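These protein sequence lines are chains A and V, in that order.
Residues are numbered in my numbering as their position in the first sequence, beginning at 1, plus a constant of 1.
Residues are numbered in my numbering as their position in the second sequence, beginning at 1, plus a constant of 4.
There could be a bad hint or two in this list.
Heads up, simulated DSSO-like pairs for lysine-lysine below, C-alpha to C-alpha not over 27 Å straight-line [as the list claims (entries may be wrong)]: (1) A:305 / V:129; (2) V:308 / V:129; (3) A:189 / A:108; (4) A:108 / V:308.
Covered stretches of chain V (chain A as the covering partner; in silico rule of three or more C-beta atoms under 8 Å from a C-beta of chain A) [to be verified]: (5) 27–35; (6) 40–47; (7) 208–220; (8) 254–260; (9) 286–296.
A short list of chain A residues far from chain V (calculated; beta carbon distances all over 10 Å) [claimed, not checked]: (10) 7; (11) 22; (12) 56; (13) 67; (14) 130; (15) 203; (16) 236; (17) 264; (18) 301; (19) 306.
Derived from the structure by calculation, the hints contain no laboratory data.
Small disclaimer: the values here were computed from a predicted structure and weren't measured.
Beta carbons are placed, not taken as given, at the ideal position from N, Cα and C, and that holds for glycine.
If you want the building blocks of each chain, they are given just below.
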Amino acid sequence: MKNVNDIEEIRKIISLHKRWDFIFMIAGVLALMIAVLTFMALFAHMLIDGMPRLNWEFFTSFPSRRAESAGILSAWVGTTLVMLVTAIAAVPLGIGAGVYLEEYAPKNLFTEIIEINVTNLAGVPSIIYGLLALGLFVYQLGFGQSILAAGLALALLILPVVIVATREAIRAIPVSIREGAYALGATKWQTVSDHLLPYSSAGILTGIIIGLARAIGETAPIITIGALTFIAFLPPSPIKQEFPYVSFEWLTAPFTVMPIQMFNWVSRPEEAFQLNAAAAGLVLVVMTLTMNGLAIYLRYRMRKNIKW
Amino acid sequence: MANESQSKISHPGKLGYSFRRNLNERFIEAFLFLSAALSIAIMLAIVAMLAKESVVFFQHVSLWDFLTDTQWTPLFDDAHYGILPLISGTVVSSLIALSVALPLGTIIAIYLSEFAPFTVREFAKPFLELLGGVPTVVYGYFALLFVTPLLQIIFPELPGFNLLSAGLVMGIMIIPYVSSMTEDAMRAVPMNLREGSYAMGATRFQTAIRVVMPAAFSGIAAAYILGISRAVGETMVVAIAAGMQPNLTWNPMEPAATITAYIVQVSLGDLPHGSIGYQTIFAAGLTLLLITLVFNIIGHMLRKRYREIY
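Isolated chain A, as found in the complex (with noise of 0.2 Å):
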């Protein structure tokens, strides 16, 4: 036992302590550092190798056997259809589930199942949701292997991230605002769209717009209900030139999207389709950073102007 009087020996033990403090600090820097540059690395090394394949032909092109003649026109266009799908699905479902658990949902068991239920759906891995889609969607509902499947297995695959993202919007909004609502006479659904949605809109915004990043980039469903193909066309136009205008065609069409194109690529020997790979992931990574950097925005926005 040291002489705890003994002032100048308790400064020596607390300095060499510090010294701990010292390389922890250095650690949890170098640690940090290993994150940031193979982010780095990953960047640089597609921006190297796809920067020179990106111009307008790349976008404009179906792909191709031919390597310099290949594009990505089919798998922009089926990755904004698909998405189309899934935001429609997905958007009103999850908000509609999460007003229920957090405003209308009562304190009893199968609202408890619902919530753990939601929890273990965000950790079912995404393959299984591809399984899922092959099975139900492809064969037992028979839309085969088309946008409207893809399309709602990725809304499946995103709505507990909308869920959670609308109930913590909801949860953060106080008490005497539905007060101040039902004193005026408000029903229920009164005071949620007039008041709850709008006030919660940012944060829910938030999850709606990482959801979707996830989901551009999901590849592994959509390799599951077999939408590997060789796609040189585009699916038919929502649009059209005389009445009814709108055409709902395209849901049943087959299609690829940027993920599969890439993985398509990525995976065979040649060099040259490895260049378009790059290419393609660095589109895919531009698009997805763009759509988490604009949450995160978004979030540090609603953090600060927002004050209860």
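Since chain A is already given, all that's left is putting chain V on it; use the hints.
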């Protein structure tokens, strides 16, 4: 009754307003309930779909063969249906990933939660979030065309497809996931525990290791377990960089297939609906779902516990 007369007074000439309003409310509540209940329907549909095809599969293949046969060659003439080679690939790639993600993720979390100045944290957290948003197929490309050639400089005999590079990249990919959950758990530890420790003359490092980490134990354990489940279910990195040939090996320098990579491999081919090959991916999927579900449930139970303590 009272309600009805009131609404008549406040809305003269609008008979039935209250009735319509109530109907409207009921209708909306029903829609909201259905969308919440849909999550249960999805889970049931997943289980039912996997179980339905797996039942047919297990009529052809006994459970004993499935668990003990050391070969997985369902598409060959001499078909073997042993899940072990796929399990070994999954275990090896996950172990490599976790040996990267858990230490680095933990160090980053401790650093950000206990050491980093405000500005570093403000930049590091969104950056990590962006890192987590990069599509997995891009990480696969990176593993195959950047990390593997790099590793081949150190290990010249390393084949083009191998578990090592896939595992390493997967580990980097999971870092943001582990670090953000670990940090959340550590931040949930109340300030007065730290203040007490500082008052006793402990340094930041001592406080972090001996006070904050034990207090956040269940949260950190949850982060690890959910990280494991993420590694086990990861698909594209291993499918691209580790090859898709089932191979019963514990050597990370060899190519091998994981459960997920096998499902991808079969899906790439043109298997007729209802064939035994088609059923194998559902049996493999069921195995995967069971593994991840066990980890997820343990993880969420632990997470709930640390939330309840404070």
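Hint by hint, here is what the structure shows:
no., hint, verdict
1, A:305 / V:129, "holds, 17 Å"
2, V:308 / V:129, "holds, 23 Å"
3, A:189 / A:108, "holds, 17 Å"
4, A:108 / V:308, "holds, 17 Å"
5, 27–35, "holds (count 5)"
6, 40–47, "holds (count 7)"
7, 208–220, "holds (count 4)"
8, 254–260, "violated (count 0)"
9, 286–296, "holds (count 5)"
10, 7, "holds, 14 Å"
11, 22, "violated, 5 Å"
12, 56, "holds, 20 Å"
13, 67, "holds, 21 Å"
14, 130, "violated, 8 Å"
15, 203, "holds, 16 Å"
16, 236, "holds, 21 Å"
17, 264, "violated, 5 Å"
18, 301, "violated, 8 Å"
19, 306, "holds, 17 Å"
Figure legend: structure checked against the earlier numbered hints; hints not met, in rising order: 8, 11, 14, 17, 18.
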